[in-house]
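The primary structure of each chain is shown beneath.
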Amino acid sequence: MEMLLMVLCLSMFGVAVAALAFGAATRPAATPQKPQPAVQAKPAVSARFFSDRVLPIVPPLPQVPIEVLLHQIENHVRLEQAAAESFVEFPTEALLYRKTTSPLVN
Amino acid sequence: MQHELLVGLSSSEVEQVMALGTKTTVPSGGLLFKLGDPADRIFLVERGRIRLTLPMLLRGRDEEVLIEEKSPGQTVGWSALIPPYRFTLSASAPLETAVTGISREALLQYFDRSPRTAYRISSNLAQVVGLRLQLLQAMWLREMQRTIEQRASASAS
Numbered sequence: 032m033e034m035l036l037m038v039l040c041l042s043m044f045g046v047a048v049a050a051l052a053f054g055a056a057t058r059p060a061a062t063p064q065k066p067q068p069a070v071q072a073k074p075a076v077s078a079r080f081f082s083d084r085v086l087p088i089v090p091p092l093p094q095v096p097i098e099v100l101l102h103q104i105e106n107h108v109r110l111e112q113a114a115a116e117s118f119v120e121f122p123t124e125a126l127l128y129r130k131t132t133s134p135l136v137n
Numbered sequence: 201m202q203h204e205l206l207v208g209l210s211s212s213e214v215e216q217v218m219a220l221g222t223k224t225t226v227p228s229g230g231l232l233f234k235l236g237d238p239a240d241r242i243f244l245v246e247r248g249r250i251r252l253t254l255p256m257l258l259r260g261r262d263e264e265v266l267i268e269e270k271s272p273g274q275t276v277g278w279s280a281l282i283p284p285y286r287f288t289l290s291a292s293a294p295l296e297t298a299v300t301g302i303s304r305e306a307l308l309q310y311f312d313r314s315p316r317t318a319y320r321i322s323s324n325l326a327q328v329v330g331l332r333l334q335l336l337q338a339m340w341l342r343e344m345q346r347t348i349e350q351r352a353s354a355s356a357s
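Just so you know, the protein sequences line up as chains A and L, in that order.
Positions 32 to 137 (this note's numbering) are the ones given, in order, by the first sequence.
Positions 201 to 357 (this note's numbering) are the ones given, in order, by the second sequence.
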């Protein structure tokens, strides 16, 4: 009986030592959880990621000289006026919405 | 050449009306009148061409953009006969152009003396104004149609 109690105590001691050893072994893993800031830093990183994605500027479309643009507008107005005159002379829906070759709308 | 404003008048009536006016030559690139100016004369184009323009902001710069062109026989500046007697467009000559300008005062006095001619000219003026309205209405509708098509294709993509 005494032997049995001794074995039981030793087993419990062994279990306690093993538990302590396990605790000590797992503590370093628990400690890194402390740096929660590292987790909080993530959004900052991702925010920077998104801003980096937005930052690149789309290169502007090549602008034609203003004289060329004015010429295109005048040409457009003439074509539109001719189309409108055709419609007024002979009003049909097809003539009203007849397409022109104006580069401003094509 | 027959002026659209004087259609239906006898040759003596045409002579009387033309005698009310003053012939002016606008040099190439010259300005006949400017948007907002008091309109006290109506112009009949005799030779050359008149550009009717409106200011438009293009890349931060005010530019005169062509709205309509008038050829010999056509009428310019009918704002002179319609309140509030202010030009609603600017008119310039892309090449040397001759016009006959008739003052509102002289024309109205003549109308008082000759109601038949007044009726003819007013009728012709109504056609000129009506044609402008029809043309601009059609042009505006075409523009609206394009805007709607663009918006429909943008929302579909």
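Note that these hints are calculated values from the structure, not bench results.
Built from N, CA and C at the ideal position, the CB exists for glycine as well.
Mixed in with the good hints there might be a few duds.
[Claimed, not checked] Selected chain L positions facing chain A (Cβ under 7 Å, derived; list incomplete): (1) Leu-254; (2) Val-265; (3) Ala-338; (4) Gln-345; (5) Arg-346; (6) Ile-348.
[Said to hold, decoys possible] Here are the computed distance ranges between Cβ atoms for each label pair: (7) L:Ser-323 with A:Asn-106: 19 to 25 Å; (8) L:Ser-322 with A:Phe-121: 44 to 50 Å; (9) L:Leu-341 with A:Thr-132: 34 to 40 Å; (10) L:Ala-306 with A:His-102: 35 to 41 Å; (11) A:Glu-120 with L:Thr-288: 41 to 47 Å; (12) A:Glu-124 with L:Arg-247: 35 to 41 Å; (13) A:Val-99 with L:Ser-303: 36 to 42 Å; (14) L:Ala-219 with A:Glu-98: 41 to 47 Å.
Status of each hint after checking the structure:
1. Look at L:Leu-254: its Cβ only gets to about 10 Å from chain A, farther than 7 Å, so that hint breaks.
2. Interface hint at L:Val-265: satisfied, since its Cβ lies 5 Å from the closest Cβ of chain A, which is below the 7 Å cut-off.
3. With its C-beta approaching chain A no nearer than about 4 Å, L:Ala-338 sits inside the 7 Å limit, and its interface hint holds.
4. Hint status for L:Gln-345: holds, given a least beta-carbon distance of 6 Å to chain A, under 7 Å.
5. Among the interface hints, the one on L:Arg-346 holds; its C-beta lies about 6 Å from the nearest C-beta in chain A, closer than the 7 Å criterion.
6. Using the Cβ-Cβ criterion of 7 Å, the hint placing L:Ile-348 at the interface with chain A is not satisfied: the shortest such distance is roughly 11 Å.
7. Restraint check, L:Ser-323 to A:Asn-106: a C-beta distance of roughly 34 Å breaks the suggested window 19 to 25 Å.
8. Separated by about 27 Å at the C-beta atoms, L:Ser-322 and A:Phe-121 break the suggested range of 44 to 50 Å.
9. In this structure the hint that L:Leu-341 and A:Thr-132 lie 34 to 40 Å apart at CB is violated, the actual value being about 19 Å.
10. In this structure the hint that L:Ala-306 and A:His-102 lie 35 to 41 Å apart at CB holds, the actual value being about 40 Å.
11. Judged by the Cβ atoms, the range 41 to 47 Å given for A:Glu-120 and L:Thr-288 is violated: they are separated by roughly 25 Å.
12. Checked against the hint of 35 to 41 Å, the C-beta distance between A:Glu-124 and L:Arg-247 comes to roughly 39 Å, which is consistent with it.
13. At roughly 41 Å, the beta-carbon separation of A:Val-99 and L:Ser-303 lies within the given 36 to 42 Å, and the hint holds.
14. A C-beta distance of roughly 43 Å is found between L:Ala-219 and A:Glu-98, which places it inside the suggested range of 41 to 47 Å.
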